[in-house]
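Participant: As you go down the protein sequences, you meet chains P and D in turn.
All the letters of the first sequence, read from the start, carry residue numbers 1 to 436 under the working numbering.
All the letters of the second sequence, read from the start, carry residue numbers 1 to 436 under the working numbering.
Any given hint could be a false lead.
One copy or two, either will do: identical chains are not told apart, so a pair holds if it fits within one copy or between any two.
[Claimed, not checked] Lysine to any residue pairs mimicking SDA-like chemistry, simulated, CA-CA at most 20 Å apart:
#, residue 1, residue 2
1, Lys392, Met364
2, Lys346, Asp429
3, Lys36, Arg126
4, Lys346, Gly267
5, Lys392, Leu60
6, Lys239, Lys392
It should be emphasised that the hints constitute simulated quantities derived from the structure, not laboratory data.
Protein chains: 2
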Amino acid sequence: MESASSRPLYVGLAGLGTVGSGLVRLLREDRELIEKRVGRDIVLRKVLVRTATRERQAMLPEGCELTTDMTSLTDDPQIDVVVELMGGTGAAHKLISRALAHGKHIVTANKALLAEDSEDLFRLARENNCLLRYEGSVAGCIPIVGTLTDPLAGNHIDSIMGILNGTSNYILSEMTSNGMDFDAALTQAQELGYAEADPTLDVDGFDAAHKLTLLIRLAFGLDYPFASMPVQGIRNMDKRDIAFAREFGYRVKLIAEARLHKDEASGKTRLEAGVFPALVHHSFLLARVGGVYNAVRIESQVSGPIFLHGRGAGALPTASVVLSDLLAVARMDRPNNTGFVTEIEKASIVPPEHWRSRYYVRVMVSDESGVLRDVAGCMADEDISMAQVIQKENEDNVVPLVYMTHETTAQAMSRAMQKVRETGILRADPVFYRIL
Amino acid sequence: MESASSRPLYVGLAGLGTVGSGLVRLLREDRELIEKRVGRDIVLRKVLVRTATRERQAMLPEGCELTTDMTSLTDDPQIDVVVELMGGTGAAHKLISRALAHGKHIVTANKALLAEDSEDLFRLARENNCLLRYEGSVAGCIPIVGTLTDPLAGNHIDSIMGILNGTSNYILSEMTSNGMDFDAALTQAQELGYAEADPTLDVDGFDAAHKLTLLIRLAFGLDYPFASMPVQGIRNMDKRDIAFAREFGYRVKLIAEARLHKDEASGKTRLEAGVFPALVHHSFLLARVGGVYNAVRIESQVSGPIFLHGRGAGALPTASVVLSDLLAVARMDRPNNTGFVTEIEKASIVPPEHWRSRYYVRVMVSDESGVLRDVAGCMADEDISMAQVIQKENEDNVVPLVYMTHETTAQAMSRAMQKVRETGILRADPVFYRIL
Numbered sequence: 001m002e003s004a005s006s007r008p009l010y011v012g013l014a015g016l017g018t019v020g021s022g023l024v025r026l027l028r029e030d031r032e033l034i035e036k037r038v039g040r041d042i043v044l045r046k047v048l049v050r051t052a053t054r055e056r057q058a059m060l061p062e063g064c065e066l067t068t069d070m071t072s073l074t075d076d077p078q079i080d081v082v083v084e085l086m087g088g089t090g091a092a093h094k095l096i097s098r099a100l101a102h103g104k105h106i107v108t109a110n111k112a113l114l115a116e117d118s119e120d121l122f123r124l125a126r127e128n129n130c131l132l133r134y135e136g137s138v139a140g141c142i143p144i145v146g147t148l149t150d151p152l153a154g155n156h157i158d159s160i161m162g163i164l165n166g167t168s169n170y171i172l173s174e175m176t177s178n179g180m181d182f183d184a185a186l187t188q189a190q191e192l193g194y195a196e197a198d199p200t201l202d203v204d205g206f207d208a209a210h211k212l213t214l215l216i217r218l219a220f221g222l223d224y225p226f227a228s229m230p231v232q233g234i235r236n237m238d239k240r241d242i243a244f245a246r247e248f249g250y251r252v253k254l255i256a257e258a259r260l261h262k263d264e265a266s267g268k269t270r271l272e273a274g275v276f277p278a279l280v281h282h283s284f285l286l287a288r289v290g291g292v293y294n295a296v297r298i299e300s301q302v303s304g305p306i307f308l309h310g311r312g313a314g315a316l317p318t319a320s321v322v323l324s325d326l327l328a329v330a331r332m333d334r335p336n337n338t339g340f341v342t343e344i345e346k347a348s349i350v351p352p353e354h355w356r357s358r359y360y361v362r363v364m365v366s367d368e369s370g371v372l373r374d375v376a377g378c379m380a381d382e383d384i385s386m387a388q389v390i391q392k393e394n395e396d397n398v399v400p401l402v403y404m405t406h407e408t409t410a411q412a413m414s415r416a417m418q419k420v421r422e423t424g425i426l427r428a429d430p431v432f433y434r435i436l
Numbered sequence: 001m002e003s004a005s006s007r008p009l010y011v012g013l014a015g016l017g018t019v020g021s022g023l024v025r026l027l028r029e030d031r032e033l034i035e036k037r038v039g040r041d042i043v044l045r046k047v048l049v050r051t052a053t054r055e056r057q058a059m060l061p062e063g064c065e066l067t068t069d070m071t072s073l074t075d076d077p078q079i080d081v082v083v084e085l086m087g088g089t090g091a092a093h094k095l096i097s098r099a100l101a102h103g104k105h106i107v108t109a110n111k112a113l114l115a116e117d118s119e120d121l122f123r124l125a126r127e128n129n130c131l132l133r134y135e136g137s138v139a140g141c142i143p144i145v146g147t148l149t150d151p152l153a154g155n156h157i158d159s160i161m162g163i164l165n166g167t168s169n170y171i172l173s174e175m176t177s178n179g180m181d182f183d184a185a186l187t188q189a190q191e192l193g194y195a196e197a198d199p200t201l202d203v204d205g206f207d208a209a210h211k212l213t214l215l216i217r218l219a220f221g222l223d224y225p226f227a228s229m230p231v232q233g234i235r236n237m238d239k240r241d242i243a244f245a246r247e248f249g250y251r252v253k254l255i256a257e258a259r260l261h262k263d264e265a266s267g268k269t270r271l272e273a274g275v276f277p278a279l280v281h282h283s284f285l286l287a288r289v290g291g292v293y294n295a296v297r298i299e300s301q302v303s304g305p306i307f308l309h310g311r312g313a314g315a316l317p318t319a320s321v322v323l324s325d326l327l328a329v330a331r332m333d334r335p336n337n338t339g340f341v342t343e344i345e346k347a348s349i350v351p352p353e354h355w356r357s358r359y360y361v362r363v364m365v366s367d368e369s370g371v372l373r374d375v376a377g378c379m380a381d382e383d384i385s386m387a388q389v390i391q392k393e394n395e396d397n398v399v400p401l402v403y404m405t406h407e408t409t410a411q412a413m414s415r416a417m418q419k420v421r422e423t424g425i426l427r428a429d430p431v432f433y434r435i436l
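Bound-form chain P, shown alone (with noise of 0.2 Å):
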């Protein structure tokens, strides 16, 4: 165990585009934070590019090695693990077997690799004893691949349900509240970089099949070819639609579901999966969920729905995510009881009366004039302005006072009651709290 921990960890990464370089950026700047979560440094070796160039070499650490050639990284001995972050599928598979072959752990954010062609991946990594982590490639930042495999793993899952594609839900949102038609939300998502030249993958649904793909191996340990994956996409969505399921409650959301089927007869089960638009009653918070975000449901009969929400993608958050994979593997041989390997540090303390705020505040005062007045002075000398007051109907001759100020301090806040109090209005204590 110390000798691990004690070298560092060597990293090959292939491709640098915006997630490869977020990546590049987050080794550099997240060096303390990698001390503390795993007492070791990452160090990046080698990245391996189509084209070879001054500038991308410039954006490298000092000592990592600019390569146009995959056997460079797949076949270093001092490489640890390999990043693979260029996409596609053809080379990247080659990429990941033949590292797999040599011994390297592999971190991946490649759904459409890992959804369509990965069988021998996983085989090939589980007879080597290495790590293949992909926590990247479904759903953005939500944590979904570590909740399936680990806290999850003692549940029957018996359905899970998303909105994985946030380009779809950023148009699908568009068209619900300002009634634009599929062509201009497209339009918009484009110019707001959240939508590709080429949205096929995204809006025609292939994208959250791709990722269903993978939350289905994860949460029943069943393959479903993604070839056979009924899949309806969005580009067909009449607004028309959008605004009488609005009518009857509604919001029209582009949905990955998969459900268990348990034949009670047989005791056999079978798996209903697909994408598609579906009415989902604004009640549920999968209706919630709105422009780019992403969320995941799990229902197990044990532990009932479990909801996750988070940003569907971005090349940072993804870059996160690979970091965090990173991490996994860095200390893979050892413990993870606190998430970090340092002594848990004194936290250095703000104390509660400087906590600021906006704050809600009733007063119960007597129904006479000039109570207003002095509320507003006492709270005046203490800086706190107002943001809002309502003054209520008189409760046998008191009447509450509701306030809701702008932001201040907790100590400002019991000073000015205190000054409250002295006046002798109150015909109750004070209340206020914080608003979050």
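Got chain P sorted already, so can you dock chain D onto it with the hints?
Facilitator: Here is chain D on its own, set in the frame of chain P:
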């Protein structure tokens, strides 16, 4: 590796209350799941109780010994892992530290112990290379411990905010929706088994504060002494404030929050943390957390907000989380890439035409008499019954008819639509979507 995977994992269980009994049940019922997840048996070897009775012995699997002697668990060389479900701090601390000293892995759901007095336990675990797992100790079914230690390890977390006590949330939800006062809502929660006879830990915020203390360590690697934590509960919550907050568009929630403040000048960070009732705007997902549910919101600069939502507690849910921790112990010495040790089987597939669902249907027909009847006839022929129909306004002599059906199959829907097409009344292709 082969040797570890071929022999069972031997478990010593301390405590046979509702969670302990639930675990015994899951270990018996879930043998197939366990085999698929970790490829080895998990065998209950000894159970520590205060009083050994025949009824208790009868609950246990054959060969499992009931004991009242703590050292019989902690010192047994054949036991690999000790599951502590006794609760309390004194005896549990003694049990865990002695078991760790004997090199046993630990699984516990004891938040009070971990929050108040566990520094030496984590040190002992590190020194003895033992796993100390505690997913069951925070936020019930929400996989927050695993999320923070692994998939989010590559993030600088800025804040963590949650609804961590189901009892308080149930009481506040009832006060909000039914206008009950605190005492009535507490009595109702007690009658339903959501609150203890002595509700102090829950309604006065200490349970949430225990959990927050654990989350602070996991998110920031910082120790916030439990005794110094500012804690305010909901016992004095006046239903008037809940009603007034509602008028402003807010819900009152018992919030546990920890937030890092970075001093730009010195670069030093300070932690603001505490448990307090607060007003949460109704548009926030946290405001939507109802009844005995819990939720956690983790914010980081790179990944934005991540929101996790699930049931707060319950004996069997907690037992399933404890089982997940046991599975992690069972496979600690090997990569866990898919969550299963067995080859992923081919799924047996439900073909899309057999999917059962409610459906939304829109057909565009000529504005002539009899068309409603014609469409209804085609639907009835396929045994599709209607829940709602709206005839929208005429657009250039074309009338949209919108239906919400009761549950039917995709096949019946397709056939009905084909029949509608054949009537010749359609002015555009029909559109139909599932309703979730």
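Participant: Next step is simple, just say for each hint if it's right about the structure.
Facilitator: How the hints compare with the structure:
1. Taking CA atoms no more than 20 Å apart as the test, Lys392 paired with Met364 passes inside one copy only; the shortest distance there is 10 Å, against 52 Å between copies.
2. For a Cα distance limit of 20 Å, the shortest separation of Lys346 from Asp429 qualifies neither inside one copy, at 36 Å, nor across copies, at 67 Å.
3. In the homo-oligomer, the alpha carbons of Lys36 and Arg126 lie at most 20 Å apart only across protomers (15 Å), although the nearest pairing inside one protomer, at 29 Å, exceeds that limit.
4. In this homomeric assembly, Lys346 and Gly267 come within 20 Å of each other (Cα to Cα) only across copies, at 17 Å, whereas the closest approach inside a single copy is 54 Å.
5. In this assembly of identical chains, Lys392 and Leu60 lie within 20 Å of each other by CA distance neither inside one copy nor across copies; the values are 64 Å within and 62 Å between.
6. Taking identical chains as interchangeable, the C-alpha atoms of Lys239 and Lys392 lie at most 20 Å apart only when they sit on different chains, with a minimum of 14 Å there against 43 Å within one chain.
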